[in-house]
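Protein chains: 2
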Amino acid sequence: MGVGEAAVFHILQEGGVTVPKGFRAGGLHCGLKKSGRNDLGVILCEVPAVAAGVYTTNVFQAAPLKVTRESIASDGRLRAVVVNSGNANACTGQQGEADAYAMRAATAAAFGLAELDVAVASTGVIGELLPMDRVHSGIAALPAAISADGNGAEQFSQAILTTDLVKKEICVSLTVDGREVMIAGAAKGSGMIHPNMATMLAFMTTDAEVEPQALRQLLGEVTDVTFNMITVDGDTSTNDMLVAMASGLAGNRPLQPGHRDWAAFAAAFRHVCRHLAQAIARDGEGATRLVEVTVQGAVTDLSARAIAKTVIGSSLVKSAMFGADANWGRIIAAVGRAGEPVNPDTVDIRLGDIVVLEGSRPVPFDEDEALVYLQGDTVHIHVDLHHGSGTATAWGCDLTYDYVRINAAYRT
Amino acid sequence: MGVGEAAVFHILQEGGVTVPKGFRAGGLHCGLKKSGRNDLGVILCEVPAVAAGVYTTNVFQAAPLKVTRESIASDGRLRAVVVNSGNANACTGQQGEADAYAMRAATAAAFGLAELDVAVASTGVIGELLPMDRVHSGIAALPAAISADGNGAEQFSQAILTTDLVKKEICVSLTVDGREVMIAGAAKGSGMIHPNMATMLAFMTTDAEVEPQALRQLLGEVTDVTFNMITVDGDTSTNDMLVAMASGLAGNRPLQPGHRDWAAFAAAFRHVCRHLAQAIARDGEGATRLVEVTVQGAVTDLSARAIAKTVIGSSLVKSAMFGADANWGRIIAAVGRAGEPVNPDTVDIRLGDIVVLEGSRPVPFDEDEALVYLQGDTVHIHVDLHHGSGTATAWGCDLTYDYVRINAAYRT
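Order-wise, the sequence lines are chains V and W.
Here the first sequence is numbered in numbering that gives the first Met the number 0, starting from 0 and rising by one per residue.
Here the second sequence is numbered in numbering that gives the first Met the number 0, starting from 0 and rising by one per residue.
This is chain V alone, in the form it adopts within the complex (with noise of 0.2 Å):
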């Protein structure tokens, strides 16, 4: 977040995706996860919110997410959307998808909507059906464990987990000609840091209204630079999706470009879904500590953008980032490899403020200063290539033994 930016909206010490007006939540535990955790999570909008959606690129769709671009596609609004964990419905075929429909189906029914007003998220192991008796009886009782207040949120935030650690949730207020807007989102990790369950899932409320192609159009921008930079060994999942609610009942006059506050607002709906994306990376499976890798002087942002996921995604980068070993030959040759315009003889590499490489050119630093920095809880890794203006930050974090124990033993 930039000096600027941090002025235009202040974040709140707690809360989630109930704090922005219109909007309730709520979860359960349904059967489809062993532990009893909740498994079985939906958010509710009490008017059509506009809404947009981001969804994986990969080749193998699961299931939910045909069933969701559908939603939105038709007119471009939501009234709610119900999530399940511990299943992704992903390869399983023309009884997938009808599985996905059926969740559709239900849901609507339960909270007496449309169909088309309904979108549908899974997270969790691939392959398996559905077991669809428990996801019919758990969306059944939903209606009765939803809620506009804290707890709601609380108990969907924590229905979208699978192996994460903590839950992600932030809620961000602004002002918006003269009233208060919030923005809120809540998320479970997986992208390509924490690809246990092979998810990232996101999910964001705020009450502003918003211009239909103005809200699409910021969330991809803005997935450009946060969620998709923490694409960190490179997996993308089958079920990736992230998806905004709008209800626009903060009462502001519509929101998009040349609105004298959307630069505000895009700034704050940029910092949750930055803030959401880092948790992630942070959560990551057997993760130490939060790596982070700046690029500047690139030709371009994209190309910037290349080379940070080029970095952050080297398991020889990562493995060094966990011995906290400052191994800058490690970040030069993954800076080299990227397939970017870069000039080899320009490139300064800090870590943190301990410049280690100038002008591609090793220059003497305190060991143990490095050491002591190194073992922190958060890294930053600074590339300069000198080479033009092209910037971008990229979040992962470090390679463990826990790491390789968690997914060697994984299905088993």
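Heads up, a few of these hints could be off.
As the list claims (entries may be wrong) - Take a look, some chain W residues computed to stay more than 12 Å from chain V by CB distance:
(1) Ala108
(2) Ala139
(3) Ala143
(4) Ser172
(5) Arg215
(6) Arg269
(7) Arg273
(8) Thr293
(9) Asp352
(10) Thr392
Said to hold, decoys possible - Short derived list, chain V residues pointing at chain W, Cβ under 10 Å:
(11) Val124
(12) Asp148
(13) Leu315
(14) Gly328
(15) Arg336
(16) Leu398
(17) Thr399
(18) Ala407
If you're looking for bench data, these hints aren't it; they were derived computationally from the structure.
None of these values were measured; they are calculated from a predicted model.
Glycine included, C-beta positions come from ideal geometry on N, C-alpha and C.
Add chain W to chain V, keeping to what the hints say.
Okay, now just chain W, sitting in the frame of chain V:
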């Protein structure tokens, strides 16, 4: 190797780069490795050998690569290649370049050659200057250390290793124009699987007479389907180099496409490269098993290569292989994110002979049988896309606790 290929050449039980006529080799310890193991080696040809090279695509190319390119480009022939391990002479600026030229000049002087007849290669840590006094002493002692027998090849093979657990060499023989032709190779492993020292080096010798243009083209084509298919975690080093030298002393008519024995020579040449590539993958850092991924039914061979490399490079697939876990969800997710044309409904996956996915749907299989198979020392993953006629094979290894341990603690 196809069935038809096996018949045209013979694999020697032992023997390395000195078996082809005209080559001597040797190695010694000059003080670059603390362990006291060989760290300097040379291959010498008694006549100017037709030579070809393939180099890393990394933007940051180590100093020796520039020197070797220049030597090979001058007249397409080499008399010697000198190699040190323990120091990569990479990111060492002007001084590093001067040192690489000095290594070439010293080797030329020691053996009475022209400087442009000598190639130079280095492998080891990045960013440190070579201790040139030790290098000069070592080079001066090389003439007394070389021989045309197995010991010379052995000493050379040892001299190029870094963290490799085993030396990698092979020699095959075939008949060309009724004469016996030998092709041999030695390699040290790194590439992307074994990137501790950030380098893959390979050296090939043959006594065949080969047209320079034909050798260059063959080397490039074969590299694409062998060494370039073990780029396991995508880490391309600053020092990768493959040099082939053909002495022509076997007395055959010059080999080139159109020669009746060209296909046999190309098959034998490819076998040498594939053997060395597999040996590098199997000796990957921390590896407990070799993993071979074959993709067929892709739209083109290039597309099949991209998919095979995505699967073999996936940390999730590699972790599952370490755990002997038949987790086909990891495999299909990697196939789906490779960015290549895939029909999401027609993918088959086998682990050895065990079918786990057919038409993109799970197939019940015997978990115990799968566990036994996956605990073997070589695992074959077969992916059939049923979407074209493109095929490819890639090699890698599993991702283990030891990989993390080695790379977390590498530099310190």
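Now for the hints, and whether the structure bears them out:
1. Ala108: W/Ala108 is indeed farther than 12 Å from all Cβ atoms of chain V, at 30 Å.
2. Ala139: holds, 29 Å
3. Ala143: At about 35 Å from chain V, W/Ala143 clears the 12 Å cut-off, so the statement holds.
4. Ser172: Nearest chain V Cβ is 37 Å from W/Ser172, so the label holds.
5. Arg215: Non-interface label stands for W/Arg215: nearest chain V Cβ at 24 Å, farther than 12 Å.
6. Arg269: Answer for W/Arg269: holds, closest chain V Cβ roughly 25 Å.
7. Arg273: holds, 23 Å
8. Thr293: holds, 19 Å
9. Asp352: The claim holds: W/Asp352 sits with its nearest Cβ about 20 Å from chain V, beyond 12 Å.
10. Thr392: Consistent with the label, W/Thr392 stays out of reach of chain V, its closest Cβ about 21 Å off (over 12 Å).
11. Val124: holds, 7 Å
12. Asp148: violated, 38 Å
13. Leu315: holds, 6 Å
14. Gly328: holds, 4 Å
15. Arg336: holds, 4 Å
16. Leu398: Given a least distance of 6 Å, the restraint on V/Leu398 holds.
17. Thr399: Constraint on V/Thr399 satisfied, holds at 6 Å.
18. Ala407: Because about 3 Å separates V/Ala407 from the closest Cβ in chain W, which is inside the 10 Å limit, the hint holds.
Consistency with the previously given hints fails for number 12 only.
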